[in-house]
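Q: Let's have the full structure, built from the sequences with the hints guiding it.
Next come the chains, spelled out residue by residue.
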Amino acid sequence: MVSEHEHICWGHDHSHHHHGGHELAVQQVSARYGDVVALESIDFSLHCGHTLALIGPNGAGKSTLINLLAGLQKPTAGNILWNGNPLHNTRHEIAYMPQRTEVDWRFPITVRELVEMGRYPALGMWRTPNRHDREIVEKALDALQLTQLQKRQIGELSGGQQQRAFLARALAQEAHILLLDEPFTGLDVPGMESLGELLQSLASEGRLIIASHHDLNSAPRIFSHSLLLKKRRIAFGTTQEVLTADNLLAAFGQQHITRS
Amino acid sequence: MNDFLQFLGEPIAQRSLWACAVIGFANGFVSALVVLKRSSLQIGTISCALLPGIALAILLFGLMQVSILIGAVLAGLMVGLGSLFVSRTSKVDQDTALSIIHTSAFAIGYIILVQLGLQQKVDDWLFGSIMSMGNTDLWIAYAISAVAVLSITALHRPLIIYLFDAKAAAAMGIPTRAFSYGIFALIILVLVSSLQAVGAFLTLGLLVAPAATMYLLTNRAGLMFWGGGLIGGLGSVAAFFLSYPLGWHLGATIIVVLGVTFLLAYIFSPKYGLLCKKR
Chain H
0 MVSEHEHICW GHDHSHHHHG GHELAVQQVS ARYGDVVALE SIDFSLHCGH
50 TLALIGPNGA GKSTLINLLA GLQKPTAGNI LWNGNPLHNT RHEIAYMPQR
100 TEVDWRFPIT VRELVEMGRY PALGMWRTPN RHDREIVEKA LDALQLTQLQ
150 KRQIGELSGG QQQRAFLARA LAQEAHILLL DEPFTGLDVP GMESLGELLQ
200 SLASEGRLII ASHHDLNSAP RIFSHSLLLK KRRIAFGTTQ EVLTADNLLA
250 AFGQQHITRS
Chain F
0 MNDFLQFLGE PIAQRSLWAC AVIGFANGFV SALVVLKRSS LQIGTISCAL
50 LPGIALAILL FGLMQVSILI GAVLAGLMVG LGSLFVSRTS KVDQDTALSI
100 IHTSAFAIGY IILVQLGLQQ KVDDWLFGSI MSMGNTDLWI AYAISAVAVL
150 SITALHRPLI IYLFDAKAAA AMGIPTRAFS YGIFALIILV LVSSLQAVGA
200 FLTLGLLVAP AATMYLLTNR AGLMFWGGGL IGGLGSVAAF FLSYPLGWHL
250 GATIIVVLGV TFLLAYIFSP KYGLLCKKR
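Chains H and F are the protein sequences, given in the same order. Quick note: the first sequence, position 202, residue 201 per numbering that gives the first Met the number 0, numbers continuous. Quick note: the second sequence, position 141, residue 140 per numbering that gives the first Met the number 0, numbers continuous.
Keep in mind that the hints were calculated from the coordinates and are not lab data. From the three backbone atoms N, C-alpha and C, an ideal C-beta is built for every residue, glycine too. Each statement offered as a hint is correct.
Computed spacing ranges between beta-carbons, pair by pair:
#	chain 1	residue 1	chain 2	residue 2	range
1	H	Thr75	F	Tyr180	22 to 30 angstroms
2	F	Arg176	H	Thr237	35 to 43 angstroms
3	F	Gly133	H	Ser157	51 to 59 angstroms
4	F	Phe240	H	Gly190	49 to 57 angstroms
5	F	Asn134	H	Asp103	41 to 49 angstroms
6	H	Gly33	F	Lys270	45 to 53 angstroms
7	H	Thr237	F	Cys275	50 to 58 angstroms
8	F	Gln5	H	Gly154	46 to 54 angstroms
9	F	Ile110	H	Gly154	46 to 54 angstroms
10	F	Gly172	H	Asp245	38 to 46 angstroms
11	F	His155	H	His131	17 to 25 angstroms
12	H	Asp103	F	Gly172	20 to 28 angstroms
13	F	Cys275	H	Val36	50 to 58 angstroms
14	F	Lys270	H	Thr127	22 to 30 angstroms
With a straight-line Cα cutoff of 27 angstroms, these simulated DSSO-like cross-link-like pairs (lysine-lysine) come out:
#	chain 1	residue 1	chain 2	residue 2
15	H	Lys150	F	Lys270
16	F	Lys166	H	Lys229
17	F	Lys90	F	Lys36
A: Structure below.
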């Protein structure tokens, strides 16, 4: 595991200071597909060092919000700012992690090559990796205990190792914001717990972890903050504050409350 | 045997041999894109749909290499984009739309070719005839191979990220839409070059088998391109030497050789072969 002392933002970016931490600010963001409203006036802001769960029923706009943050689609209104500047001017700051089911696990690529992909935003299309790049890749592999497995094809890893490999790619990217699409889906209880701890430790080093999440029971243990969504913002704050009976009723309706 | 040696001395034989090597290599190289993108069926339908483009080009401009090339590219684009359009604007999914459009296009192409009195040439378009390739054809094949190898090599890093994980690629700022059109265009170009060699029916084999064989032999995406190129090129050259003494059709022999190569890898691959499966 990454040492606790090696404070924050493991990355190279010497220009920044951590007094207030970095801030992600989502301001009045809306997204529409034609006439269909996917998200309406979403507002929240959060500093590095936290873990944020995006919670809401199916079709609430969780994926849309992840896509917007990842720059995969543009908001029809509103701004997404990172330290006061448009987030998408600093693409290397965001690492996107796909859902497990979306990954082609038979793709002929080794763990190390996957992690090396993280260097792309820094390298661009043509610059060859230098010693610094290789060191970062090795550090990322080491931090996630993948050094021994680096030559394996990604399909030959266990589920937990596969997730660590994608996290290592995010580390190699030196991104401050990690966007994860339903990372806990399909994990058993021990797997969930170790991934939860891992995300918390990555956050404590000064990253901002944002993940869509559907399990209300585990959310308070894993995520410091939550954004409850149903096309609009139902509630935002610490997970304890957000996941109240009233808020959940507003987001999910009667049925879900009785179940959880 | 003497016959064969004498035949090798002739310009037409040498031209065919070069054509086999170059077209086999280019197709093998690009086949990695098709295999990694898992789009072989789509490509198969598009290759058949090149026929009406060729027929129309002959109808309008006569039997000229350049017009045939342009006609084939346009037909490929129209069928590919047409199916996408139909699937987006109706209930029908893209595979269904593609099946209907490409068979219709193929039928139309066949009718036109027969009407033009080119019935004997139809066989050539369907199964290829390397022996009838002229110098211009060979130059076109060289140029297409060069474009394929240079563009794929230059863009290798973002390309692999895109093929593996298009969403993450887009998040990293890789122009994924340009990549998907570029790959499509490149595949059509290579298809056209192989059309003369192995024909519209068989070209899919040349555009899939080499990288599929490498896929069973390696864990490195990068090796699939060069390895696929080598398998495609060497396999086609081997087929050239086999086909003459055996009296087999050259285009068909190429596909058989590549098919057998794939089968061998499937059975004997050290890591993923049938005989060596650990699990």
